[in-house]
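Residue numbers (the working numbering), protein chains in the order written: chain D, 29 to 295; chain G, 29 to 295; chain X, 29 to 295; chain E, 29 to 295.
Worth flagging that the hints you see were computed from the coordinates, not collected in a lab.
Computed from a prediction, not measured in an experiment: that's the story for all the values here.
Which stretches of chain G does chain X cover? Using the computed rule of at least three CB atoms under 8 Å from a CB of chain X, they are:
no., region
1, 128-139
2, 145-157
3, 177-185
4, 197-204
Each computed EDC-like pair below joins lysine to aspartate or glutamate, with the alpha-carbon atoms no more than 20 Å apart:
no., chain 1, residue 1, chain 2, residue 2
5, G, K144, X, D97
6, D, K145, D, D187
7, X, K144, X, D94
8, X, K270, X, D165
9, D, K270, G, D267
10, G, K163, G, E110
11, E, K144, D, D94
12, D, K270, G, D244
13, G, K145, X, D97
14, X, K214, X, D165
15, X, K144, G, D97
16, X, K214, G, D137
17, X, K85, X, D46
18, E, K163, D, D137
19, D, K163, E, D137
20, G, K144, X, D94
21, G, K214, X, D137
22, E, K144, E, D97
23, X, K144, G, D94
24, X, K270, E, D267
25, G, K48, G, D244
26, E, K163, D, E141
27, E, K144, D, E99
28, D, K144, E, D97
29, D, K145, E, D97
30, E, K270, X, E60
31, E, K115, E, D169
32, G, K48, G, E60
The beta-carbon is built from N, C-alpha and C at its ideal position, and this holds for glycine as well.
Protein chains: 4
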Amino acid sequence: MSNNLLNGKKGIIFGALDDKSIAWAVAEKCVEQGAEIVLTNAPVALRFGAINQLAEKLNTIVIPCDATDMEQIETLFTQSMEHLGGKVDFVLHAIGMSINVRKKRSYTDLNHEWMKKTFDISAISFHRVMQVAYKMDAINDWGSIVALTYMAAQRTFPDYSEMAESKALLESFARSFGYHYGVRNKVRVNTISQSPTVTTAGSGVKGFDSFFDYADQMSPLGNASAASCADYCVAMFSDLTKMITMQNLFHDGGFSMMGINAAALQS
Amino acid sequence: MSNNLLNGKKGIIFGALDDKSIAWAVAEKCVEQGAEIVLTNAPVALRFGAINQLAEKLNTIVIPCDATDMEQIETLFTQSMEHLGGKVDFVLHAIGMSINVRKKRSYTDLNHEWMKKTFDISAISFHRVMQVAYKMDAINDWGSIVALTYMAAQRTFPDYSEMAESKALLESFARSFGYHYGVRNKVRVNTISQSPTVTTAGSGVKGFDSFFDYADQMSPLGNASAASCADYCVAMFSDLTKMITMQNLFHDGGFSMMGINAAALQS
Amino acid sequence: MSNNLLNGKKGIIFGALDDKSIAWAVAEKCVEQGAEIVLTNAPVALRFGAINQLAEKLNTIVIPCDATDMEQIETLFTQSMEHLGGKVDFVLHAIGMSINVRKKRSYTDLNHEWMKKTFDISAISFHRVMQVAYKMDAINDWGSIVALTYMAAQRTFPDYSEMAESKALLESFARSFGYHYGVRNKVRVNTISQSPTVTTAGSGVKGFDSFFDYADQMSPLGNASAASCADYCVAMFSDLTKMITMQNLFHDGGFSMMGINAAALQS
Amino acid sequence: MSNNLLNGKKGIIFGALDDKSIAWAVAEKCVEQGAEIVLTNAPVALRFGAINQLAEKLNTIVIPCDATDMEQIETLFTQSMEHLGGKVDFVLHAIGMSINVRKKRSYTDLNHEWMKKTFDISAISFHRVMQVAYKMDAINDWGSIVALTYMAAQRTFPDYSEMAESKALLESFARSFGYHYGVRNKVRVNTISQSPTVTTAGSGVKGFDSFFDYADQMSPLGNASAASCADYCVAMFSDLTKMITMQNLFHDGGFSMMGINAAALQS
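Let's have the full structure, built from the sequences with the hints guiding it.
Next comes the structure, spelled out in structure tokens:
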């Protein structure tokens with residue numbers, strides 16, 4: 029059901045891979061709410077995913093972009109503004125990948141070159157995107173930028189490995205750049221710290237299923253789904269939340285505020 | 029402009045005094061977005077305020093309620109459900125008053141009986157309202173409860189005095205009751221930590237004007253107004269935020285995340 | 029083993045009941061480290077506890093004091109300074125009791141008069157003690173005040189009930205009074221957030237044993253004992269920590285920073 | 029004055045440059061308290077600093093080590109254990125340098141290759157040091173690792189630039205590795221978040237002097253000095269704090285807990 033919350037707004041959505049992706053759901057909901065969007069993902073992700081189907085369904089285009097490459101990000105913004113016919117109002121950053129996790133390296137035996145690559149992909153890319161947008165003045169005043177994060181930035185989930193550091197970095201970029209973009213353009217920058225979600229990426233983490241169930245039982249409302257995360261992104265892109273910036277916002281059914289829950293213990 | 033975000037929803041709004049009140053703005057925006065509401069305030073506030081004008085404008089009723097009295101809260105819910113024709117979907121708690129501040133007692137010379145009265149009015153009332161609603165099963169599943177708070181719960185603003193403790197208490201009630209109400213009814217409970225706002229209540233605090241300006245310059249987006257706070261309350265009452273609970277949400281133009289800002293220093 | 033860390037320092041220790049009490053261990057360690065102390069507890073606790081044995085062992089006195097009564101607190105400070113021959117350097121507040129928990133009232137069915145009594149005993153007493161000391165100028169410059177708290181102030185542990193709010197209140201008093209006492213006398217005020225501890229008081233909470241084991245397995249270092257908490261109190265009373273104030277300090281083997289731990293899940 | 033708090037303990041101190049360095053003060057205090065230590069710094073820092081004078085004064089050696097190079101860290105631990113005659117009990121990480129700040133790049137115009145180098149020097153080096161120690165099993169059970177950090181990891185201080193992200197990363201490494209090292213060896217890992225300090229490194233930041241004064245006036249106890257930070261490090265290396273791990277500990281005269289302070293406003 030549409031409330032036309034994003035009528036007239038234009039956005040760029042990073043990170044939709046397939047229909048389990050949070051970014052996929054966000055793209056659908058944004059269009060449903062009246063926005064015009066452009067989809068983007070890394071060239072390698074484009075080959076393996078189904079993003080072109082999404083583009084077709086939403087009547088838009090896919091612009092390939094490796095978010096660790098400044099020139100490709102510039103091209104993305106240039107082509108997006110051409111396609112959308114003007115500056116952008118919102119951006120979703122939903123990018124994350126850990127090479128050390130993929131290679132099954134223990135946290136006490138990490139390869140630090142891979143770590144730096146992980147940070148570049150998962151976090152520095154966020155600064156890159158904002159820096160390019162800022163320099164090109166590509167975002168309208170009162171625009172909204174959101175990145176997806178996870179609570180491992182605050183507390184330790186051992187299997188999450190170096191992605192904990194990636195998310196800590198990501199959230200820090202939101203605060204730091206949020207200051208600069210806020211002062212110049214009233215653009216707000218926030219991160220949404222989402223429940224564990226059954227995505228193609230998330231499921232790859234070791235022991236994901238039992239962890240998912242644990243979080244679900246610990247959370248008074250249960251785990252938040254990709255669809256409800258998309259609803260929340262819509263709220264954060266809309267004019268209802270214009271004065272919220274530099275925040276990390278938990279969207280997790282209450283998990284982050286729980287110390288213990290008998291239900292989770294007995295499972 | 030309405031997006032019909034609250035179509036079919038019913039709510040109770042505590043704390044509208046006059047047209048500077050945040051609760052006043054919330055009531056107007058909720059009705060604009062399609063909700064049916066009931067207004068309430070303490071009998072003494074009803075005498076001095078303009079709440080009846082608001083009720084007339086919004087075509088609703090005012091039910092007097094001293095939120096430190098369990099029987100009056102029960103009556104409020106009973107009459108509200110009668111008037112609204114069913115259970116409630118959202119509640120705004122916007123109640124706060126410090127007797128020691130009003131009596132100009134220094135923080136190192138407080139009267140502790142007054143302090144307990146302050147806590148009862150400003151914070152325990154929130155537990156009372158939720159306990160009554162919970163026992164009467166007066167809130168629909170997936171309902172939303174919001175209380176207004178201030179960052180003095182986290183950091184020290186000396187002139188705020190014992191209201192710091194009141195807000196710490198209020199936010200703790202949100203977490204604790206949020207657990208219980210979430211588990212039984214999926215009802216979410218959150219607090220919104222708002223910028224200093226020029227209300228009849230807020231302005232009473234010593235040195236308010238210079239503090240207001242300081243916060244305005246420290247915040248990258250400036251201070252959030254009552255109107256934008258009302259927008260945010262609408263988002264929190266809507267179905268876009270169903271999985272957020274037990275959180276304290278800063279709505280402050282970025283103030284809470286600032287360490288220093290040259291603009292604020294030079295003012 | 030003594031390092032003479034508290035040589036020449038004088039202190040008041042609230043809350044030693046029996047040899048399982050954290051305050052008991054703190055008193056012993058402080059004396060071992062060269063401090064002179066005075067013990068105090070509520071008259072009712074004196075009847076049931078073994079505090080006189082501790083006083084004998086440590087060659088000091090017990091001064092009865094109901095910490096909800098300003099006159100008794102004044103008497104305590106007057107008599108303590110007489111006994112110790114001068115102003116006080118440190119104070120330990122280890123007082124907490126919930127009437128609603130004792131009466132087994134559910135969190136959604138609390139008696140609010142009992143709640144206010146709980147707050148008075150467990151938290152407002154802390155403000156009272158500091159206010160009396162501040163007015164009497166009874167604490168030397170660079171003195172140190174510590175209160176014991178629990179992480180339920182930040183996250184929800186349902187069985188902890190209204191003690192969550194008591195601890196939120198207590199920690200807020202530390203921040204607020206820490207400001208005033210710091211500015212005037214460089215006195216620092218902090219709270220130590222301790223692991224669940226097998227004390228006569230702690231054990232009374234429902235399901236304490238299984239919770240204790242859960243916390244022990246969740247914490248990378250295991251639960252912190254009363255003895256190690258006493259060591260930490262010594263550090264906080266010593267001159268090694270003169271610039272730490274208004275903080276809530278977790279002393280919990282790492283529990284507070286854990287999101288999940290396979291060891292805790294499998295137990 | 030010595031309390032022999034570190035008698036029999038062996039430590040490695042990174043980062044002493046000259047007598048304004050916090051690490052310099054830590055080295056002196058640790059030796060005063062009975063520890064045996066080894067000093068280390070990057071080869072380039074050795075050339076410009078006065079660390080050899082410190083080594084002479086403390087009757088110890090300097091082992092050059094580029095903390096971004098795994099082999100050099102291995103050599104450091106091997107030679108340290110040889111010199112000290114056994115495993116290490118404590119480590120201080122006091123390393124930080126931002127290339128973009130040094131090159132005066134604006135935060136909205138950063139060079140991302142420099143940023144990665146900054147992260148490697150200032151934060152990843154901490155993971156490297158712990159990984160090497162962990163693999164070599166070079167730290168005794170119940171050992172203590174401390175890294176120095178700054179509150180820019182939590183809140184925005186615009187001039188601090190990418191060092192905000194470096195410190196967020198550093199603190200995340202403390203939590204993550206603290207878990208693993210705690211579980212295997214009861215080794216604790218913490219960060220100390222220190223007031224702005226007049227060091228050769230700290231003073232390089234733009235507008236440092238006025239910021240130093242602002243922080244000094246905002247803090248109820250004033251800014252913490254390098255000497256008092258060293259006292260606190262001694263406490264954290266001693267057996268008085270064995271159960272504290274994965275924490276970020278503010279050592280700042282109360283700055284972090286202040287919302288506003290009339291003294292700072294009027295300056």
